[in-house]
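Peer 1: If you want the building blocks of each chain, they are given just below.
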Amino acid sequence: MNNLFRNHASYATALTVAAGVGLTLAGCATAPVSPEGSADVRAKLTQLQADPELATRAPVAIREAEAAVRTAEEPLAAADASLGTHRVYIADRKVEIAMAQAATKQAELERVKLGEERERSRLDARTREADAAHAEAEATRVAAAGAATQAALQAEDMQRQIDALEAKATERGIVLTLGDVLFTSGRADLKVGAAGNLDRLVAFLDQNPDRRVMIEGHTDNVGSDDSNLGLSQRRADSVQSFLVQRGIAAGRISTSGKGEHQPVADNQSEGGRQQNRRVEVIIENPTPVAKSP
Amino acid sequence: MNDRTASGRALRPMIAASLAGILILVSACASAPLAPDSALDGARVAISNADKAGAGQHANAELAEARARLALADNAVKDEDMVAAERFARESQVQAELASARTAAAKAAAVNRDMERGTEAMTEEMERAGDQR
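Those protein sequence lines, which keep their order, are chains B and U.
Residue numbering for the first sequence follows our numbering, beginning at 3 and increasing consecutively.
Residue numbering for the second sequence follows our numbering, beginning at 2 and increasing consecutively.
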């Protein structure tokens, strides 16, 4: 009987414990379900994770969001609805944070690209500038080539002119010798017939405005040294004034009386003396410095 | 007689078991909330950070909500509902963090826009300079 009672008692105890456990379960989880809104948060996170560009941009934040979403998805009893709402709220913000961070990172990466683009656009501009400069240089080169051709033609022309003047090209320049036939012996004024010869000189100087001329007067050894120096100077001046009258700028012309000291022939013979009585017009070679492009 | 005594004896373990059951119930469902001070502090710091980052300009709605949640948390503390207080505080913090994140995103986007505009302007200028040649 005692045994029976004891068995009864232990049965009752077991029942009570079972009821207690039952109560516990009933109290905490009547028909447990995932909280409302957790599916939406999961969908939002899935969308972020599926974006191949953004998904890799904020790995830490996405991992945190994943954990928060998983917590939010835990089934809860109806009595814990507010906890569910709280968890969904947290999860939603974590997902939003991950999205914002991914967007920030994306923008930063794009900035690098933008910087490169800017650099490229700057380079393009430089290239365009360089191309333009190159084109300009090419144009200049072509022009220079043209000028060279022109120069060649001019040189030919010059040679013809020199030939016409019956002059000689020397190191000092083109030397045109005006014989004493231009002057009456002992006098400095030009003979009337001299004009024809000098006209060609004037034409030459007109065509070559960059050339300067040096006019040197020379005599034979007849007469005193001083008078010969004076005569040679006056003859040179006479040629100069003729040129100035014909419109050649006086500044382009210099004169010098050399007297009897630079004979070109023997003063012993009349023929030689005649050769020594002369005016030399030296058309100076153009100075390279004065040359402008 | 014996019967009554036996049932009386049997009652005692039943009461004990029930108490244990209630105890389990209480401990399982309603863990006593710690003081939510750290959660409240966390929210305040997060709000302050967001504010300093310029959330007032770039994510004002988010910042305002974070402040509203913190106010709810403070009210819950007054009502001695510590569970609610801690939840509101945590929500306030995460909301403030979102405000900071959106502020950073907005700033980054603004910088990019400026750069794009700058590049466009430069390209235009260069093209104009090119035309002048």
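Just so you know, these hints were derived from the structure itself, not from any lab.
Certain hints may be false.
To be verified - Computed from the model, here is a short list of chain U residues facing chain B with C-beta under 8 Å:
1. V46
2. A62
3. M83
4. R103
5. A106
6. N113
Said to hold, decoys possible - Listed next, the in silico SDA-like pairs over lysine to any residue satisfying Cα-Cα at most 25 Å (straight line):
7. B/K46 / B/T73
8. B/K170 / B/A146
9. U/K79 / B/T73
10. U/K108 / B/R120
11. B/K46 / U/R118
12. B/K115 / U/K79
13. B/K170 / B/A135
14. B/K170 / B/T257
15. U/K108 / B/G117
16. B/K46 / B/E110
17. B/K107 / U/N50
18. B/K107 / U/A107
19. B/K107 / U/K79
20. U/K53 / U/V112
21. B/K107 / B/V177
22. U/K79 / B/A57
23. B/K115 / U/A122
24. B/K260 / B/V177
25. U/K108 / B/V62
26. U/K53 / B/P34
27. U/K108 / B/D53
28. U/K108 / B/A141
29. U/K108 / B/K260
30. B/K46 / B/A57
31. U/K108 / U/D52
32. B/K115 / U/G119
33. U/K108 / U/D75
34. U/K79 / B/L192
35. B/K115 / B/H88
36. U/K53 / B/E110
37. U/K108 / B/T257
38. U/K79 / B/H88
39. B/K46 / U/K79
40. B/K170 / U/D52
We put the CB at the ideal spot given by N, CA and C, even for glycine.
Peer 1: Tell me, in ascending order, the numbers of any earlier hints that this structure violates.
Peer 2: 1, 2, 3, 8, 9, 11, 12, 13, 19, 21, 22, 26, 28, 29, 33, 34, 35, 37, 39 and 40
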